[in-house]
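**Student:** With numbering that gives the first Met the number 0 as the guide, the letters of the sequence shown map in order to residues 0 to 103.
One or more hints might be untrue.
Listed next, the in silico PhoX-like pairs over lysine-lysine satisfying Cα-Cα at most 20 Å (straight line) [claimed, not checked]:
| id | residue 1 | residue 2 |
| --- | --- | --- |
| 1 | K77 | K50 |
| 2 | K52 | K37 |
| 3 | K77 | K52 |
| 4 | K34 | K66 |
| 5 | K33 | K66 |
| 6 | K26 | K50 |
| 7 | K66 | K20 |
| 8 | K50 | K34 |
| 9 | K33 | K52 |
| 10 | K20 | K50 |
| 11 | K34 | K20 |
| 12 | K20 | K37 |
| 13 | K26 | K66 |
| 14 | K52 | K34 |
| 15 | K37 | K26 |
Restraint ranges, calculated between C-beta atoms of paired labels, are given here [as the list claims (entries may be wrong)]:
| id | residue 1 | residue 2 | range |
| --- | --- | --- | --- |
| 16 | L2 | K37 | 47 to 55 Å |
| 17 | L29 | E96 | 43 to 51 Å |
| 18 | V65 | L6 | 50 to 58 Å |
By construction, these hints were calculated from the structure, which means they are not laboratory data.
Positions of the beta carbon are idealized from the N, C-alpha and C atoms, including for glycine.
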Amino acid sequence: MGLILVLVMMFYFLLIRPQQKRFNEHKLMLDALKKGDKIVTSGGLVGTISKIKAGDDEVEIDLGEVKVMALRSSIQAKAEKTAPAKPALKEETVKKETKKAVKK
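Please model the entire structure based on the sequences and the hints provided.
**Tutor:** Next up, the structure:
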């Protein structure tokens, strides 16, 4: 009897509780969405929220030239603001570094 209780407790703390925590965090993120937020949908679309219907669970997502209506529940996450990429090395620099590496 004690072993079964221990297994049930382990199952709860290792599987059920973390899933509930992720669900609650996702719900809070969806409730905090506002116009202008950059988001990623579960389908992989990345866009900016241009309109949120108050009564519905629908949002309008601006994908550049296209605007799409989507369910709030299809939003996977807010897109992270990333730093701009470093400029690529000039071809000459790459060739010099490659020659140095080959000589070693």
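**Student:** A separate judgement is required for each hint: does it hold in the structure or not?
**Tutor:** Hints, one by one, checked against the model:
Annotation: proposed proximity of K77 to K50 holds, straight-line Cα distance about 15 Å (limit 20 Å). With a C-alpha separation of about 17 Å, the suggested pair K52 and K37 falls inside the 20 Å cut-off, and the hint holds. A threshold of 20 Å between alpha carbons decides the hint, and for K77 with K52 the separation of about 18 Å falls inside it, so the pair holds. Distance check on the hinted pair: K34 and K66 sit about 13 Å apart at the alpha-carbon level, within 20 Å; holds.
Proximity of K33 to K66 is assessed by CA-CA distance (about 16 Å); at most 20 Å being required, the pair is judged to hold. At most 20 Å may separate the alpha-carbon atoms for a hinted pair to count; K26 and K50 meet this at roughly 19 Å. Proposed proximity of K66 and K20 is contradicted: the alpha carbons are some 32 Å apart, above 20 Å. Distance hint between K50 and K34 is fulfilled; the C-alpha atoms sit about 6 Å from each other, no more than 20 Å.
A C-alpha spacing of about 11 Å is found between K33 and K52, which places the hinted pair at or below 20 Å, so the restraint holds. For a cut-off of 20 Å, the pair hint linking K20 to K50 is broken: about 28 Å separates their Cα positions. The straight-line distance between the Cα atoms of K34 and K20 is roughly 26 Å, outside the 20 Å bound, and the hint therefore fails. Between K20 and K37 the alpha-carbon distance is near 23 Å, which puts this suggested pair outside the 20 Å criterion.
About 24 Å separates the Cα atoms of K26 and K66, which puts this hinted pair outside 20 Å; it is violated. Restraint check for K52 and K34: the C-alpha separation of about 10 Å stays at or below 20 Å, so the hint holds. The suggested pairing of K37 with K26 holds, with an alpha-carbon distance near 17 Å, which does not exceed 20 Å. Our hint of 47 to 55 Å for L2 and K37 holds, since their Cβ atoms are close to 50 Å apart.
Hint check: L29 to E96, Cβ distance near 47 Å, so the stated range 43 to 51 Å holds. A hinted range of 50 to 58 Å holds for the C-beta pair V65 and L6, which are about 51 Å apart.
Of the numbered hints stated above, those contradicted by the structure are hints 7, 10, 11, 12 and 13, listed in ascending order.
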